[in-house]
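Let chain H serve as the given structure and place chain V on it in line with the hints.
Listed in order, the protein sequences are those of chains H and V. Number 387 marks the last residue of the first sequence (this note's numbering); no jumps. Number 374 marks the last residue of the second sequence (this note's numbering); no jumps.
Everything labelled a hint here was simulated from the structure, so no lab data went into it. Each hint can be trusted.
Restricting the straight-line Cα-Cα distance to at most 25 Å, the calculated cross-link-like pairs of lysine to any residue (SDA-like) are:
#, chain 1, residue 1, chain 2, residue 2
1, V, K306, H, R87
2, V, K191, V, D216
3, H, K326, V, Y374
4, V, K263, H, P385
5, H, K305, V, Q8
6, H, K82, V, S302
7, H, K115, H, K170
8, H, K79, V, T5
9, H, K305, V, M10
10, H, K326, V, R278
11, H, K379, V, L324
12, V, K260, H, V372
13, H, K227, H, G37
14, H, K273, V, G175
15, V, K267, H, E371
16, V, K306, H, R280
17, H, K326, V, H362
18, H, K152, H, E183
19, H, K79, V, S302
20, V, K9, H, H310
21, V, K306, H, L272
22, V, K306, H, A281
23, V, K9, H, A312
24, H, K273, V, H362
25, H, K273, V, Y374
26, H, K79, V, L3
27, V, K9, H, A309
28, V, K260, H, P385
Derived Cβ-Cβ restraints for the label pairs, each shown as a range:
#, chain 1, residue 1, chain 2, residue 2, range
29, V, H31, H, P75, 48 to 54 Å
30, V, K9, H, I33, 38 to 44 Å
31, V, Q261, H, G89, 52 to 58 Å
32, H, H186, V, D257, 28 to 34 Å
33, V, F265, H, G72, 57 to 63 Å
34, H, A281, V, A198, 22 to 28 Å
35, H, A143, V, F265, 24 to 30 Å
Every value quoted in this text rests on a predicted model; they were computed, and no experiment measured them. We treat Cβ as the ideally placed atom computed from N, Cα and C, and that holds for glycine.
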Amino acid sequence: MTDLDAFRSDTRAWLEENCPPEMREPMRSEADICWGGRNWTFQSDAQRAWLERMATRGWTVPHWPKDYGGGGLSPAEAKVLKEELTRIGARQPLTSFGISMLGPALLQFGSEDQKKRFLPEIARGEIRWCQGYSEPGAGSDLAGLATKCEDKGDHWLVNGQKVWTSYADKADWIFCLVRTSTESKHKGISFLLFDMATAGVSTKPILLISGNSPFCETFFDDVKVPKDQVVGEVNRGWDVAKYLLGHEREMIAGMGLGGMGGLGLGALGAALKPDNALLRADIAAFDVDALAFAAMSERFFEMFKAGEAHPASPSMMKYAGTELNKRRHELIMAAGGSDALEWDSERSNKGKAARDWLRTKANSIEGGTSEVQLNIVAKHILGLPGA
Amino acid sequence: MPLLTDDQKMLQETAVNFLREEGGPTKQLRHWRDTGCTDGYGTDLWKQFGELGLNGICIPEDQGGLGLGAVEAALVLEEIGRNLTPSPFLTTAVVAARAIEGTAHAGRWYPAILSGEAVLTLAVDESRRHAPEHTALAAERRGNGFVLDGAKQFVIHGNSADVILTVARTGGSPGEREGLTLFAVPKDTAKVESVTLADASKAARLTFDNVELDADSVVGDVDNGWLPLSRALNAGRAGSAAELVGVAAGASAMTVDYLKQRKQFGKLIGEFQALQHRAAHLYGEIEIARAAALKAAELIDSGDEKAELLVAVAKAKAAAVSRLAVQEGVQMHGGIGMTDEHDIGLYMKREAVLGELFGDVHYHRNRVAELSGY
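Next comes chain H alone, as it looks inside the complex:
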């Protein structure tokens, strides 16, 4: 038996004993996601136990070093763990922007003190993070951000406004892009961390076309931040942001797979059973694109791991994946007919089809619009002039 086989059998046995049966049921809705954080209310004892047990082993972030709360697993071991979790249909014990976004940035750019201080509490789900990037005047042109951060000697003083801050009203801390210099557009930005409970921070949820409010406006009014909470060098926060945006685009591009795992990759038609020849043809054309994209996603992650992916390729994936997801939901609506238009009936699971459809329209806006991604591909991959 190889070491990896031994790891697999140990992992399987441990999961068998430690993953509560409820946590092996498919999630019913987004409400079943465990986000963690200071104010988190566990839905059930099972949800709490599952998070605590996984966090104790460092398996909420299996590939992070053990010193920072991770599992210290090799890529091969992490893959085995993922396979074993998938095999029993285990839910993700913890979902967070700390894991998917801030963590990778800290591992790459953070000081040793910052890693030791922030990473373990992310791994244990104790602190819930939000991301402060976009501003009313800085959307696609993110580097045009204006939130002012002044050096007051013993602290930073932050004034300004962020918008589209996901779950800012529920988050404990924020990682935030702020302007520390007006000398240079890109080299005047810093990557700052601070507690959302700090005096002067306030949030206001934004009601969306889907009827939901996952995003907020976030206001900073004379917010004092300790000096040691800048990640990377002062005025070089854009490097951190770009690195992180790569991660975000990868994650959003993955949504092209559509979370319909149980139905097989992208086989939308099997779920919808179209009863009209032209709709069937549209869905078949979609399924071809979705299954081809699934093959691309596999290849992309392999290339990314092997360092063979073009640095701008996440933009291509993000563009293709999000446009695909929008098409998926257009087809779900078409197949659903008038049933899919009900907004709050129990029959329609409170308008799930329509709300999900509307939600997908943001896919190609958030994390850099489709048009921005195409600009990036045109410039950095195709080398087109003036792009």
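Using the frame of chain H, we list chain V on its own:
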């Protein structure tokens, strides 16, 4: 999907260099077209394929081949597509080699395929649509052999092939997979009408008017022709998908270069965002089509049950994407793209033929729907 192994990368490099040097339109496609070559491809180049060992990719090692698979064939086919190389590689070294694999015909024909001396092809279509299950060409038993009656069309290289692997019906009725038999029909047996296709390649319309064949000419088992046929069709569909990816990549590279050279309104046309976004979209689509083609090839090689689905996905995707690539290519080249002198139009014509071969985009979208249960 694992990335390419070192051996696969070496093979790819061989194909890239060989076809860039020898396989381009000036030396091959234009040359044979403009000199009125009846074969439509160069026999010397075909022997060079053999000398480089490329023809052995789909032939088992114990029969003199390399014992590799659809992935390696795809790597070569992408370069064939990129260079618009007229070659019997797909019909002979991929499709026919797979069709006769494990049958008595393998021993007889593999040596000549390996050396690049023989050309073999597959005759399936009987109307303007690809519909293998609907094969009606009749093969009736007579004495120790069979008599074939019917017609085939769109038989690539059918005018010059040494052997035409012909699907015929020995039982059942059109629409059924059962009752099909694959026959190895020697040159000059059926009546051949040579046709030149839009891309200057040569194909044949065949008429079988009570053509007598020996029992030895059966490939595999009587009434069980679906087995070698589907093996050959899977290889041909995945292979043509890979070649289409090469066509798309070649057309796209040529077009992006043009965007960086052509000036209008005092600037390079590649500076216009309207063109940049279309070029960037196309780039992503080609990457996705390549991933699908390689995935299909990989599943064929591992004998995965999903292979058939992914083959249909790959062919449909590659055909749609290469169609987009050649359309954008001609459009973005403007007037020069409409001239015969420029190569971009050759890509458009090659794409049209390859897109149709072994089922077009609509055929394979329909397959995806059927295989997915809707």
